[in-house]
Amino acid sequence: MTLDRVIALFILLACLVYGYSALFIMDAQIAPFMARNPVWPSSFPKLLAIGGVVFALLVLVSPHKPKDDPDIDLSRWSDYNYGQAIGLLALMLAYAVLLLPLGFLASTFLFLILGSLILGERRWVTMILAAGIASLGIWYLVQEVLGIFLRPLPAMFGT
Amino acid sequence: MIEGILIGLSTAFTLTNILMVFGGCLIGTFIGMLPGLGPMSIIAIMIPVAITIGDPSAALILLAGVYYGAIFGGSTSSILINAPGVASTVASSFDGYPMARDGKAGKALTIAAIASFCGGTIGAILLMVFAPMLASVALLFHSAEYFALMVVGLSAIAAFAGTGNVAKAMLMTIAGLMLATVGTSALFNAPRFTAGMMELQSGIGFITLAMAMFALPEALYLVLDPARSKRSSGNSKITELRINREEARQIAPVIGRQSVQGFFIGVLPGAGATIASFLGYAVERNIASAEDQKQFGKGSVKGLAAPESANNAASTGSFVPLLTLGIPGSGTTAILLGALLALNVTPGPRLMVDQPEIFWSVIISMYLGNLVLLVLNLPLIPYIAKILSVPRNFLIPFILFFTLMGAYIGQNNSTELLLLVAFGIMATILKFADFPLPPLLIGFILGGMLEDNFARSMQLYDGASFIYQRPMTLLLLILAAGLIVFPVLRNWRALSRQRRGVSTPD
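Protein sequence lines correspond, in order, to chains D and E.
Each residue of the first sequence is one higher than the one before, counting from 1 in our numbering.
Each residue of the second sequence is one higher than the one before, counting from 1 in our numbering.
Mixed in with the good hints, there may be bad ones.
The calculated EDC-like cross-link candidates involving lysine to aspartate or glutamate, where the alpha carbons are at most 20 Å apart (straight line), are [stated by the list, open to error]:
1. 46(D) x 462(E)
2. 431(E) x 79(D)
3. 294(E) x 354(E)
4. 46(D) x 452(E)
5. 431(E) x 4(D)
Since the hints were derived computationally from the structure, they do not count as laboratory data.
Isolated chain D, as found in the complex (with noise of 0.2 Å):
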């Protein structure tokens, strides 16, 4: 099966589980006084629902067509650097986790260093003045210029 089927079959799931939502849980729930009302929040879901399950039916059963030119070169996919690529989504997961602990200067700090290092990044001093003048500015820009509150230091140290 074709990466895309997979795909497909996926949404379909994900369809009939949206679908069932609205169809029972939603229509369980509903109040006395909108039952009365022409349309329900879940009606528009429902017609949703029953499209997403057609045309990913559709593209369950229709044939396969390979791109001529297609923009992703997956013939080459056995040397991909997958360990790079996983790192960096850990590395952004990590940064969602410790942005408000941590605080946004250091996390941000250690976002980009560690960010170059994963990829490879070996100069020390180019890479600490790159991420520290990064840092700086862009809390300086967000918080101070345009006033959106961004929390330099550590929880621990207060707001």
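The hints should help you fit chain E onto chain D, whose structure is shown.
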């Protein structure tokens, strides 16, 4: 109309707004040159900045500047290093890159700048003439027709999305519409599909989804496949900046034709700058003399001027459905629509009546943006190439950081960052399987309005009878069905014939 132009002029020609145009063009050009950051991602990055400005005219002027800058920046990287960061500049690299290889990079960039300028300016003039006409027609529309029109728009986008597989594009559109239903329903304010999470009650952030669909997969793919960024080691010696009279005479009619053609293609929802640039290239190639035809693909000035003027004119044209009907025709205008809604401006037929200063200042800022772009970029061309040498090891962490930043600033909530990563991974897998991502985002953005109009018509007609009681609605819905059914059937027949080993007649 004169009155409107005057309103626009007085709004656009304030010191702040002129600075906005300059800043926007500069930022757009420089970020647009970085591979993987097209106008869509750049505008998404700039939205938090634009929203904090508060004044919708100034914010729109900034974003229009960024948009034009980004388109020009994208052409720069496709001409200099044959690395089109955006689909709409792919055609520019056909002849632009051979010119750059011959040491005529300066001339190629100059032609690109002038063709873009003319395309954008002619586009803006046509926009001024046609938008009010379209808007007056649009005032006849009711909620039922709006619902049907949006269905037509979404089907057209899916049908012309480019990858050729309509079922896939429709599936993506529906996935986007489904994501739009997460949160609180407009009807009775009932929470829906939140899986019990507080953070999801306000819905999924639009910037989060935009970043996850465009910037993140491109950056991840740059990491996965180093060859994609290593293609960029050309020698960029820049000589011969000027165009001679002979070349000017050659490209002038091309620019004129393609600006008009590009504009009208841009007006159609779903077609947009990419199709306009390819079509422009194809048309000019076909009508050129046999001698000139041989030059195409080897560094023809006509072959560069055609897609450049067409794609800028089409980008301007795509503002027509956005500003007059509130329907974005492309991914970029979809993002702009999101920005407009965040600024409390509802594009649509009422915009010209209720907030004429916004409508006209956008048009005037388009002229201004084009002019500034030309003035700014012609002297900068020799230096522009330098930015491309930012090492990938620094570039990628910065792109990733900007996506995180955009999502966080938009919602101020770190759950959004986790959503960003999750959607980004999904988008990367979808991209690998050749599912088009713009329809998903367009569906997501239109979802709310589509459902509102649907619910309103259902309530007005006490059921779904509006579908057959309003002939216009019925007609539009039939059109939408046709847009989907015919390509699907045609694809299916052609492919199953191929599979049985029978050659197709065409």
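Against the structure, the hints come out as follows:
1. With a CA separation close to 18 Å, the supplied pair residue 46(D) and residue 462(E) stays within the 20 Å bound.
2. Using a Cα cut-off of 20 Å, the hinted pair residue 431(E) and residue 79(D) holds, with the two alpha carbons roughly 18 Å apart.
3. This hinted pair does not check out: residue 294(E) and residue 354(E) have alpha carbons roughly 53 Å apart, beyond 20 Å.
4. About 15 Å separates the Cα atoms of residue 46(D) and residue 452(E), which keeps this hinted pair within 20 Å; it holds.
5. The suggested pairing of residue 431(E) with residue 4(D) holds, with an alpha-carbon distance near 10 Å, which does not exceed 20 Å.
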